[in-house]
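Asks: Chain order of the listed sequences is A and B. End of the first sequence = 331 in the working numbering, gap-free, step of one. End of the second sequence = 331 in the working numbering, gap-free, step of one.
Bear in mind the hints are in silico, worked out from the structure with no lab data behind them. Honestly, I wouldn't trust all of these hints.
Stated by the list, open to error - Using 25 Å as the maximum straight-line C-alpha spacing, the simulated PhoX-like pairs for lysine-lysine come out as follows:
{"no.": "1", "chain 1": "B", "residue 1": "Lys-179", "chain 2": "A", "residue 2": "Lys-221"}
{"no.": "2", "chain 1": "A", "residue 1": "Lys-221", "chain 2": "A", "residue 2": "Lys-168"}
{"no.": "3", "chain 1": "A", "residue 1": "Lys-106", "chain 2": "A", "residue 2": "Lys-179"}
{"no.": "4", "chain 1": "B", "residue 1": "Lys-98", "chain 2": "B", "residue 2": "Lys-322"}
{"no.": "5", "chain 1": "B", "residue 1": "Lys-179", "chain 2": "B", "residue 2": "Lys-203"}
{"no.": "6", "chain 1": "A", "residue 1": "Lys-327", "chain 2": "B", "residue 2": "Lys-98"}
All values derive from a computational prediction rather than experimental measurement.
There are 2 protein chains.
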Amino acid sequence: MREESFDVVGIGHAIVDVLANTTDAFLTEHGIAKGSMTLVDAFRAETLGRTMKSSIEASGGSAANTLVGIASFGGRAAFIGKVNDDRLGQVFAEDIRKSGVHFDVKPFTGTTATASCHILVTPDGQRSMSTFLGCAPEISAADMAVENVSAGKILYVEGYLWDTPGAKAAIRSAIAVAKAASRKIAFTLSDPFCVGRWRDEFKALLAHDVDMLFANEAEAKALYETEHFDRAFQEIRRWGKAAAITRSAHGSVVLEAGRVHILDAEPVSQVADTTGAGDQYAAGFMFGYARGLSLDVCGRLGGLAAAEVIGHMGPRPLVSLKSLAAKAGLL
Amino acid sequence: MREESFDVVGIGHAIVDVLANTTDAFLTEHGIAKGSMTLVDAFRAETLGRTMKSSIEASGGSAANTLVGIASFGGRAAFIGKVNDDRLGQVFAEDIRKSGVHFDVKPFTGTTATASCHILVTPDGQRSMSTFLGCAPEISAADMAVENVSAGKILYVEGYLWDTPGAKAAIRSAIAVAKAASRKIAFTLSDPFCVGRWRDEFKALLAHDVDMLFANEAEAKALYETEHFDRAFQEIRRWGKAAAITRSAHGSVVLEAGRVHILDAEPVSQVADTTGAGDQYAAGFMFGYARGLSLDVCGRLGGLAAAEVIGHMGPRPLVSLKSLAAKAGLL
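Given only the sequences and the hints, what does the whole structure look like? Please build it.
Replies: Structure, rendered in structure tokens:
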């Protein structure tokens, strides 16, 4: 087994977040449902891109956000995801590299553009998102070379990828490669609706391939079709591998084999935007795990990172998570 | 081993609650600290009793409240506690029997009066309590005859009793008797300040005598001198016997041997008065346990009973807990 170059290699949708302040009138004019996330097509994404004024562009997407968090902890992280060689694709690549994440996947050569998520922020602080998936699901088995997917101690995979047959097949081959190299396979359920669409496949993945599970409470309940947190918790305990279940203000529960830790949420003075809280929790947990820290410290690093992003707009840390963790006495 | 006549036999302070509506001016005039609980002497208790108008009198005290809860679930409960043969002592005995709890302890023959807790409710719903312990701590080894303390499947003991040397000695002999009869010994930490006063003795009790522990989060943290819930939880897990830790809106955690259940709080439409929530939680849990129900159902019965008393003034259920539990599908 060759030595790993990274703590975590993550696979997910490569999406450029395009943020702009706007008015309620603009949302009404463009028929955008306030406060929700809507999937849109290329035409609509282009129109929005043209119409939105003075926007901020940044690399985004759930797994990519997690990897940026790991880099902020001082961890070594690599991202596998697909962009086109268009302007937004270049924005994505530059931005994620600037955040300290290794990224060198060959750009998509077809006509489908780089994925974008147009985030419109109204004066009341609400975010209305229009996501165009573009070429993000076009990752292929060719992108999953053994030297890439087995380059990390942990291979982290986003549940969202299941929605496209091609991406799913690529992930399956990546998992096989990482398993053969004795890497840990970490998986996030991503979204309760995503769980609803792929419940049986996700359960089979857990049974055969996954070593580490990330879920929020709603996703865990959706997976086991129960209204009771405890029932989902019992199922995950029975499964027995490493898991972190996040519960918003109720903190989180982390478990592995016989161990269980019930962790309080880190105090947040003001909840500004919960987008990305789960992504950053996964960052803290996996960073701690890859560095051999105890299970409860892994969970507390997760909680710390989640609290940081909840306190401001945007899904990525604004300050060094490494310093925050040191200040909290966790590193 | 003879058969048990009761599900639970409980030992605690026998206190008569005297409730009256009053004004802020009355509190100021009598120097009563609003919203708090103050220990008072006989003279002050008498003065308050004379001055308070149109009051409601009812049997009270933490363990006694728990036993009334058990009776409300349809359980068989007996109380061991000390009253004088005065008017309030008769009120206590009549009221607790009317609630379905067996009570036949010989009254105290000294001059110290029956304990009372004068509860003054101001128009804003706040409760200001003046507690006179009176003869409540005068329970003696003579009250702990084997046919009494071993008459239940579970012997339930209040931590509050530790504050008086005589009561503590009586409890120690009761525990010895119950252990010899192979009964389960259940113990509640009662109060974080009480834990602070008797930490080492409580830890020794857990190590040698107690089979079932009740604590709220503050008490559990106080016992193990930690600010982190998870640390207290890990200590209790290591201890390994049956335990229920209540966490207010965060629900409860119940555990025994390798099992752990993380239970949500039951929904409460309006928090009117949290007095007695812990007492009723213990009622539901022990009723379930004595009836051989699974650990998670014991905890859910506890949560159900706690939610009932939180929704209204007063520490005892206003409706049948048995019906509530049946409606919730738990019995």
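Asks: Kindly indicate which numbered hints from before are broken by the structure, ordering the numbers from low to high.
Replies: Going through the list in order, the structure violates hints 1 and 6 and respects the others.
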